[in-house]
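Novice: So the chains spell out like this:
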Amino acid sequence: MQHKVIDVKDVVIRFAGDSGDGMQLTGTLFADSSALDGNGISTFPDYPAEIRAPQGTISGVSGFQVHIGSEAVNTPGDFCDVLVAMNPAALKANAKWAKPTATIIVDTDSFDDTNMAKAGFKTDNPFTELGVEDRTLLVCPITTLTKESLKDSGMDNKSIVRCKNMFTLGMCFFIFNKELDNTYAYLEKKFKKKPELIEPNKKVLFDGFNYAANIQAAPNTYHVAPAKKEKGTYRNINGNQATAWGLLAASEKSGIPLFCGSYPITPATAILEELALHKSLGAKTLQCEDEIAGICTAIGAAYAGNFAVTTTSGPGLSLKSEALGLAMIAELPLVLVDVQRSGPSTGIPTKTEQTDLNQALYGRNGECPIMVMAAHSPSDCFEKAFYAGKFALEHMMPVILLTEGFLGNGSEPWRIPSMKDYPEIKAPRITSCDGPFKPFERDPQTYVRRWAVPGTKGLEHRVGGLEKAPAGNISSDPENHEMMVAARAKKVALTANDIPEIKVIGDPKAELLLVGWGGTFGHLLAAQEQLVSEGRSVALAHIDYINPLPKNTAEVLAGHKTILVCELNSGQFADYLRAKLPQYKYEQLNKVQGQPFIVKDIVDAAYKFIK
Amino acid sequence: MKYTAQDFKSDQQVRWCPGCGDHSVLASLQKALPIVADDRNYDLERFVFVSGIGCSSRLPYYMNTYGFHSIHGRATAISTGIKVANPNLSVWQACGDGDALAIGGNHFIHAIRRNIDINIVLFNNRIYGLTKGQYSPTSPLGKITKTSPYGTVEHPFNPGSVVLGARGTFFARGLDSELKLNTEIFQQSAAHDGCAVTEMLVNCVIFNDGAHKDISDRAYRADRTIILRHGEKMIFGANNDKGLILDRNNELQVVTIGVDGVTEADILVHDAHTPNTGLHSQLIDMKYPDYPVALGVIREVRDATYDDRVRDQLNDVAAKSSIHCMEDLLHSGATWEVK
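Chain order of the listed sequences is Z and V. For the first sequence, this note's numbering assigns the number 1106 to the initial residue and increments by one for each residue that follows. For the second sequence, this note's numbering assigns the number -11 to the initial residue and increments by one for each residue that follows.
Possibly wrong hints are sitting among the right ones.
[What the hints assert, rightly or not] Listed next, the in silico EDC-like pairs over lysine to aspartate or glutamate satisfying Cα-Cα at most 20 angstroms (straight line): (1) Lys1562(Z) / Glu325(V); (2) Lys1336(Z) / Glu315(V); (3) Lys1562(Z) / Asp316(V); (4) Lys1334(Z) / Glu325(V); (5) Lys1525(Z) / Asp26(V); (6) Lys1333(Z) / Glu315(V); (7) Lys19(V) / Glu1378(Z); (8) Lys327(V) / Asp1142(Z); (9) Lys308(V) / Glu1565(Z); (10) Lys1562(Z) / Asp26(V); (11) Lys1384(Z) / Glu315(V); (12) Lys1384(Z) / Asp296(V); (13) Lys1562(Z) / Glu33(V); (14) Lys1525(Z) / Asp(-1)(V).
[As the list claims (entries may be wrong)] Derived list of chain Z stretches under chain V, where covered just means 3 residues or more per stretch with a C-beta under 8 angstroms from a C-beta of chain V: (15) 1220 to 1234; (16) 1334 to 1343; (17) 1383 to 1395; (18) 1560 to 1569.
Simulated from the structure, these hints should not be mistaken for lab results. Backbone N, C-alpha and C define an ideal beta-carbon position, used for all residues, glycine too.
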């Protein structure tokens, strides 16, 4: 049979195996290599909470989906063209995601009676049982081949078996006509301190590639052309890294050193880890004794004149709520990043959701409005983290930035911006003033107070959680309290003058307006594009700034037959819009499964409202 | 002197109850700080007072310095952030026994463990005053309060033991009525590079009057307390004839000079600087009626501070790193060009 290389627009590959099988690394390497080839990429790691969940079971399956395209891709893809299943449980958990035309690669060595039983198969033909027997099946003895490949490496058996993911990666590289060089370079760097592991890993990758070639693993192999992209220098970035970098960028633009007080929590920890790396940019990171200390050390640092940051996920936001009120009443700049995960309580900690919106908007005692904004893609985390810093520092207030596990762990190619394209950040710092310093005296236009930091001669003053009069003294006066409550709220509301307006994608008067916020953007955009290509009148309004809403929100929502608010919760943003803009009727599409939307969810929901 | 006590007084009226022990602690602070400013060459704007919630936590409002009255239990975390952000500041913290040892216990022990260079003044009146009379983590076993009408059934903390358990480098104990001693302690606290904890035994005239009456009354205070100073003999008593020795079990014992052949030479010399916690622990534990209660600086040992280590690491990494601005960072690692 003549081997052909077929050009395809995009493909989706899902790597699945035991949580110890190295599927996250395999997927990441495939994504990075594709990114370097110039493909559009979007990734979705989907892994269990346990570091090494019970071997061979469904609950222990770790997955990593990569979508690569010859154009920019907006989502990690609904269904996959290639499914790699390293054991029966991985096959069982992921078979439903395989397209009818998919190729399924399995390691037949792991399909023994024990593993079949652990995965709950009732017959000895897993493919028939799952109804995927008609897919292209590559049933390969991957473990055996890996052992054979490395039998002279001098490595022990356990270490050899751990290399089977590299063998699989080599096979995938063949199927998609990828060069091995990028991954060779990566392996050389990764094992710099264990050089004895470099050659065996390269060898097994190479052998996997050749094996696939020799068995004619696929009747045809595929080539995804580089995406046509704007000129520039690109890199691959995930949302948590982008968030950390955006914060560092705000620090640089403001000339104010960054301080991050945090406590490790999935899926936000990588932001603290990333910031901890960059001491050369003057960033101080303090891994605290708990979430409360995370925000309180940050508040102390803000009072002392640093750009204060605390990073967390939902349960941590709960713990920080009292202190967030303190930052708000003391009117100190602070960025709180909440990388949302499935809740309530511990919930499903490694899975993504948008269920902290209400908590971010309302979760404090007293009248305590806080600016809330959300990032809509992994690379947008950079942009939003930068602006969260800008708003916090320029408006002397805490800002909550909502991202999601899906964004934090997901990655995409990113055209590296120039710092010259970002605005200056001018905090209202003062070093002297006429007359005695009144800490809560406000700018009449913006309602922003001035920032005098300890160490500044003559501006000594006290702040705190007790209500104050503008001069800074404690006040229990009823009228003063009401005036201060209103002034603090107005300060937040006035930021609407500085936030960008919503840009509707598609016809601004479309019959159906999809409304979303946060990490659902890619799926909503893909759905909107599909619906429009089918000739339907559909537009998308994706809202990044939630409190306050952009000034043109009412105008954007007007004139549609249907407004469909799509979100990964039970309707928190829809309810918020009902409260803020009750003149419109809001339909809802909700999903609370700890999983992102798939494009089909949205398209199917849209069909109900539009023919 | 560059400053007087008056310079440290704010224009706010002090609102503690008449007879509250906090008044004299405030007075000794305002007396000590001008001396500290001279000793350390600090200007007024370098002092920051931080507090949590409770009666004593009102203190920052009475100081004419930078101040932050925060939320219950969190003063230590706020102080930590302030000091790390700007190590040049002289950070002082006022907190109560409930604030530091109950709701804020976690921050308290970790600040001590890290040896962050702050001065913690722990006002211990063994009661919750601002909430009107509930037992605290330092109320003695059996204490009858509004929330323990039949007496508490739990052992109290000894704050000094908590400090030692967290590898504290400085612990002192003062008494509200000992103005001169307190002033001396605050000077040493300021001079200590590291986390300095001073337990101030204070009376609460309203909800726990006589909180420390076993030792505080002037009539017998000299016989029931011992003021420890580094390098000096552990001698006490109205007649300066009592002292402390170690018995054959290496336990502290009170002796009288001139009785049973005991001479002044037999009396222990206080060594606050030894890292060994053994004797410090025994001194901290001394209780009436078996022993005099130890006052003064009981422990003051040297160790690197957290804030110094943060700064040093920052400088070390910066010296070695090739990334010095955002543009460097953005272009670091794997990138590719699209032309």
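Novice: Against each hint, give a clear statement of whether it holds in the structure.
Specialist: Tested hints:
1. Lys1562(Z) / Glu325(V): With a Cα-Cα distance of about 51 angstroms, the restraint between lysine 1562(Z) and glutamate 325(V) is violated, given a limit of 20 angstroms.
2. Lys1336(Z) / Glu315(V): 18 angstroms, holds
3. Lys1562(Z) / Asp316(V): Answer violated: lysine 1562(Z) to aspartate 316(V) is near 36 angstroms, above 20 angstroms.
4. Lys1334(Z) / Glu325(V): Holds. Lysine 1334(Z) to glutamate 325(V) sits at ~10 angstroms (cutoff 20 angstroms).
5. Lys1525(Z) / Asp26(V): Given pair lysine 1525(Z), aspartate 26(V) is violated - Cα atoms ~47 angstroms apart, limit 20 angstroms.
6. Lys1333(Z) / Glu315(V): 25 angstroms, violated
7. Lys19(V) / Glu1378(Z): Violated: lysine 19(V) and glutamate 1378(Z) sit about 45 angstroms apart, past 20 angstroms.
8. Lys327(V) / Asp1142(Z): 13 angstroms, holds
9. Lys308(V) / Glu1565(Z): 38 angstroms, violated
10. Lys1562(Z) / Asp26(V): 17 angstroms, holds
11. Lys1384(Z) / Glu315(V): Status holds; Cα separation ~15 angstroms.
12. Lys1384(Z) / Asp296(V): Since the Cα atoms of lysine 1384(Z) and aspartate 296(V) sit roughly 14 angstroms apart, the hinted pair holds (cutoff 20 angstroms).
13. Lys1562(Z) / Glu33(V): 5 angstroms, holds
14. Lys1525(Z) / Asp(-1)(V): 48 angstroms, violated
15. 1220 to 1234: n = 0 at 8 angstroms, threshold three: violated.
16. 1334 to 1343: Check passed, 8 qualifying residues.
17. 1383 to 1395: holds (count 10)
18. 1560 to 1569: holds (count 10)
Checked against the numbered hints above, the structure breaks hints 1, 3, 5, 6, 7, 9, 14, 15 and satisfies the rest.
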